[in-house]
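K.L.:
For reference, the chains in residue letters:
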Amino acid sequence: MSEPVVQVTNLRKRFGPHEVLRGINLRVAQGEVVVIMGPSGSGKSTLLRCMTFLEVPDEGTICIDGRTVTAGPLTKERMAKVREIRRHTGFVFQSFNLFPHMTALENVMEGPVTVLRVPKPEARRRAEELLGKVGLTEHMHKHPSRLSGGQQQRVAIARALAMSPSVILFDEPTSALDPELVGEVLQVMRALAREGMTMVVVTHEMGFAREVADRVIMMDAGAIVEEGPAADIFTNPKEERTRRFLSRMGRHGLP
Amino acid sequence: MELALQSLPALLQASLVTVGLAAASMAAGLVIGLLSALIRIARIPVLSHLMRAYVSIIRGTPLLVQIYLVYYGPPQFGWHLEPVPSAIVALSLNVGAYLSESFRGAIESVSKGQMEAAYTLGMTYWTAMRRIIVPQSLRTALPTVGNTYIGLLKDTSLVSVITVTELLRQSNVIIARTWKPLTIYMTAAVLYWFMSTMFSFVQERVERRVSRHV
Numbered sequence: 001m002s003e004p005v006v007q008v009t010n011l012r013k014r015f016g017p018h019e020v021l022r023g024i025n026l027r028v029a030q031g032e033v034v035v036i037m038g039p040s041g042s043g044k045s046t047l048l049r050c051m052t053f054l055e056v057p058d059e060g061t062i063c064i065d066g067r068t069v070t071a072g073p074l075t076k077e078r079m080a081k082v083r084e085i086r087r088h089t090g091f092v093f094q095s096f097n098l099f100p101h102m103t104a105l106e107n108v109m110e111g112p113v114t115v116l117r118v119p120k121p122e123a124r125r126r127a128e129e130l131l132g133k134v135g136l137t138e139h140m141h142k143h144p145s146r147l148s149g150g151q152q153q154r155v156a157i158a159r160a161l162a163m164s165p166s167v168i169l170f171d172e173p174t175s176a177l178d179p180e181l182v183g184e185v186l187q188v189m190r191a192l193a194r195e196g197m198t199m200v201v202v203t204h205e206m207g208f209a210r211e212v213a214d215r216v217i218m219m220d221a222g223a224i225v226e227e228g229p230a231a232d233i234f235t236n237p238k239e240e241r242t243r244r245f246l247s248r249m250g251r252h253g254l255p
Numbered sequence: 001m002e003l004a005l006q007s008l009p010a011l012l013q014a015s016l017v018t019v020g021l022a023a024a025s026m027a028a029g030l031v032i033g034l035l036s037a038l039i040r041i042a043r044i045p046v047l048s049h050l051m052r053a054y055v056s057i058i059r060g061t062p063l064l065v066q067i068y069l070v071y072y073g074p075p076q077f078g079w080h081l082e083p084v085p086s087a088i089v090a091l092s093l094n095v096g097a098y099l100s101e102s103f104r105g106a107i108e109s110v111s112k113g114q115m116e117a118a119y120t121l122g123m124t125y126w127t128a129m130r131r132i133i134v135p136q137s138l139r140t141a142l143p144t145v146g147n148t149y150i151g152l153l154k155d156t157s158l159v160s161v162i163t164v165t166e167l168l169r170q171s172n173v174i175i176a177r178t179w180k181p182l183t184i185y186m187t188a189a190v191l192y193w194f195m196s197t198m199f200s201f202v203q204e205r206v207e208r209r210v211s212r213h214v
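Sequences listed follow chains C and A, in order. Quick note: the first sequence uses my numbering, first residue 1, plus one each step. Quick note: the second sequence uses my numbering, first residue 1, plus one each step.
So that you can see chain C by itself, here it is in the shape it has in the complex:
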């Protein structure tokens, strides 16, 4: 087996007395789509955020695409490594977090131009192409305030793609959307998965997990309870906690 794109080893994080992550180990192979599920407060979002140091982990090692950072105080050297990892890791937020003072196109160009120092004409060409890919060609000169939630999230995905990441982390990408807008975002994500993008997705969308995930991970109370192919987890969960969670979620993935 080739080197995994993502390798998280013994990741621990506590907020005060509360242990949010209790030694998580996670490997994601090239082109793999991993869906993480679990009740709220199970630590799944914190896991994603720790992987890019949006939260600083207390213990453990994160290796993305051959770049390794160990947990510890944010010294200059460590911050440089963290930035290196962030440059190669896309992150899609629940609340989109587009830059409101820039158009969709400028949002997508921002990373390449400011961080990667790609010449503007080239960055623009690529951004236009990516916005076309997520179906927003006719909206690319609009500011986020004039786009729907689904459109904003698709811009955010294009913005992540513009950095040519080795992996994209999705933190509940459809949870803030009106139900009728969820589909367009999932469709973009499905297309990305088909193209072989490595993805780690925290979501409650069971349908998406069943259809797209190569592997489903169940988390509870800061630990991985169970993992396996989507079909196995959904039809034949081994753990009681998984069963309970799935029955609470219902068949359609609504909490």
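Hints are computed from structural coordinates only; laboratory data are not their basis. Check the hints yourself; a few may be wrong.
[To be verified] Under the rule of at most 30 Å between Cα atoms (straight-line distance), these lysine-lysine pairs were calculated in the DSS-like manner:
(1) K112(A) - K81(C)
(2) K120(C) - K142(C)
(3) K120(C) - K112(A)
(4) K112(A) - K154(A)
(5) K142(C) - K112(A)
(6) K76(C) - K180(A)
(7) K120(C) - K133(C)
(8) K81(C) - K120(C)
(9) K112(A) - K133(C)
[Unchecked claim] Derived DEER-like restraints, expressed as beta-carbon distance ranges:
(10) E3(C) - A53(A): 15 to 25 Å
(11) G105(A) - E129(C): 23 to 33 Å
(12) S148(C) - I150(A): 34 to 44 Å
(13) V46(A) - E239(C): 48 to 58 Å
(14) R194(C) - G113(A): 26 to 36 Å
[Unchecked claim] Here are some, though not all, of the chain A residues that point toward chain C, as calculated from beta-carbon distances under 8 Å:
(15) G73
(16) Q76
(17) Q114
(18) E116
(19) A117
(20) T120
(21) R131
(22) P135
The structure displayed is predicted, hence computed values, not measured ones. Even glycine gets a Cβ: it sits at the ideal position worked out from N, Cα and C.
Place chain A on chain C using the hints.
P.N.:
Frame of chain C, contents of chain A only:
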């Protein structure tokens, strides 16, 4: 009425000095205010404490005292500054402290997710500030900044005490000659009002343009 018209050319010319003082002090104050806000928010050691002290001292003392200190203080050490530069220094330092507070508030009001989004693209703290956070906070701060400018425009009248011939001092000079304080002060008041209102008008239009997307 005739006297008002007669003295108008001199008063208008003095109004230009007033506007010039306000504009120069505002320009310097914006730089001081933004830098000191950034220093405080980034918690740069030593400097951030200095900036806090600066803001506290300026906001806690009368502008008139600050003007006297800047103009009459240094000569005690044999160091003399001309009236106009003294006026600009005092006014800039004063307005800078108030703007520092406005900018700090505006920067802190930008949602946490904006910094996180910038970080996930691989930006450093200062790049994120420059490209993402500060541009948004300037838009938020705009109304307060505009009001500060109007306040400053009127506060320039205080530097008449250090012999800067701006609108108020020019009025006093004319009154000393003509003994018609009501007419001249009224004319001066109308000119101050006119300048403030003109600026408010511009400010409103700029705000409407800029705040569309925030």
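K.L.:
Hint by hint, note whether the structure agrees.
P.N.:
So, going through the hints one by one against the coordinates:
no.	hint	in the structure
1	K112(A) - K81(C)	22 Å, holds
2	K120(C) - K142(C)	19 Å, holds
3	K120(C) - K112(A)	28 Å, holds
4	K112(A) - K154(A)	37 Å, violated
5	K142(C) - K112(A)	23 Å, holds
6	K76(C) - K180(A)	69 Å, violated
7	K120(C) - K133(C)	20 Å, holds
8	K81(C) - K120(C)	26 Å, holds
9	K112(A) - K133(C)	29 Å, holds
10	E3(C) - A53(A): 15 to 25 Å	54 Å, violated
11	G105(A) - E129(C): 23 to 33 Å	40 Å, violated
12	S148(C) - I150(A): 34 to 44 Å	39 Å, holds
13	V46(A) - E239(C): 48 to 58 Å	55 Å, holds
14	R194(C) - G113(A): 26 to 36 Å	29 Å, holds
15	G73	42 Å, violated
16	Q76	45 Å, violated
17	Q114	6 Å, holds
18	E116	5 Å, holds
19	A117	4 Å, holds
20	T120	4 Å, holds
21	R131	6 Å, holds
22	P135	5 Å, holds
The structure is inconsistent with the numbered hints 4, 6, 10, 11, 15, 16, although it conforms to all the rest.
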